[in-house]
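Residue numbers (our numbering): 14 to 143.
Everything labelled a hint here was simulated from the structure, so no lab data went into it.
Glycine residues also receive a C-beta, built at the ideal position from the N, C-alpha and C atoms.
Keep in mind that a hint or two might mislead.
To be verified - Pair ranges (Cβ atoms, derived):
1) Glu75 x Asp41: 16 to 26 Å
2) Glu20 x Val68: 22 to 32 Å
3) Val64 x Phe100: 29 to 39 Å
4) Gly93 x Met14: 16 to 26 Å
5) Arg33 x Asp102: 22 to 32 Å
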Amino acid sequence: MCVVATEVVIRTHMHGRASRSPGSALLDGADSVLRDELLLAAHSVVGAASVGKTVARMLFLEQSPLALRHLNLQLLLRMGCLALSVFGDRRGRIDSLAPSWTALLEQSILTALNENGDYACQYYDLPQSQ
């Protein structure tokens, strides 16, 4: 039940946020990635509570493996699926990341050189411009 409630709250929030902007309540790529990240965060909090409750019951109250019945397996499965989705989205975004500071420094050095640029290229061990 908590999986469904969390999904409803997060999805309603995201579609309501998307409907405020001009157009429809459909999510674009960035909003769907944000939705998945929010769902993963919310399910992780609930999953940590579920695991904590199970461990506490196993150690202090029931002191038997029967306490595993309190573990919310549906939630853990949903967390795993969302983690794979978020990881896949992250790997897809790596190509579109901003350049690193080293790449920006190299580019600025090459563009800020004097006419021939030989000295700065030799000093910073950069390829010489033609």
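Here's how the hints hold up against the structure:
no. : hint                       : verdict
1   : Glu75 x Asp41: 16 to 26 Å  : violated (48 Å)
2   : Glu20 x Val68: 22 to 32 Å  : holds (25 Å)
3   : Val64 x Phe100: 29 to 39 Å : violated (21 Å)
4   : Gly93 x Met14: 16 to 26 Å  : holds (19 Å)
5   : Arg33 x Asp102: 22 to 32 Å : holds (23 Å)
Figure legend: structure checked against the earlier numbered hints; hints not met, in rising order: 1, 3.
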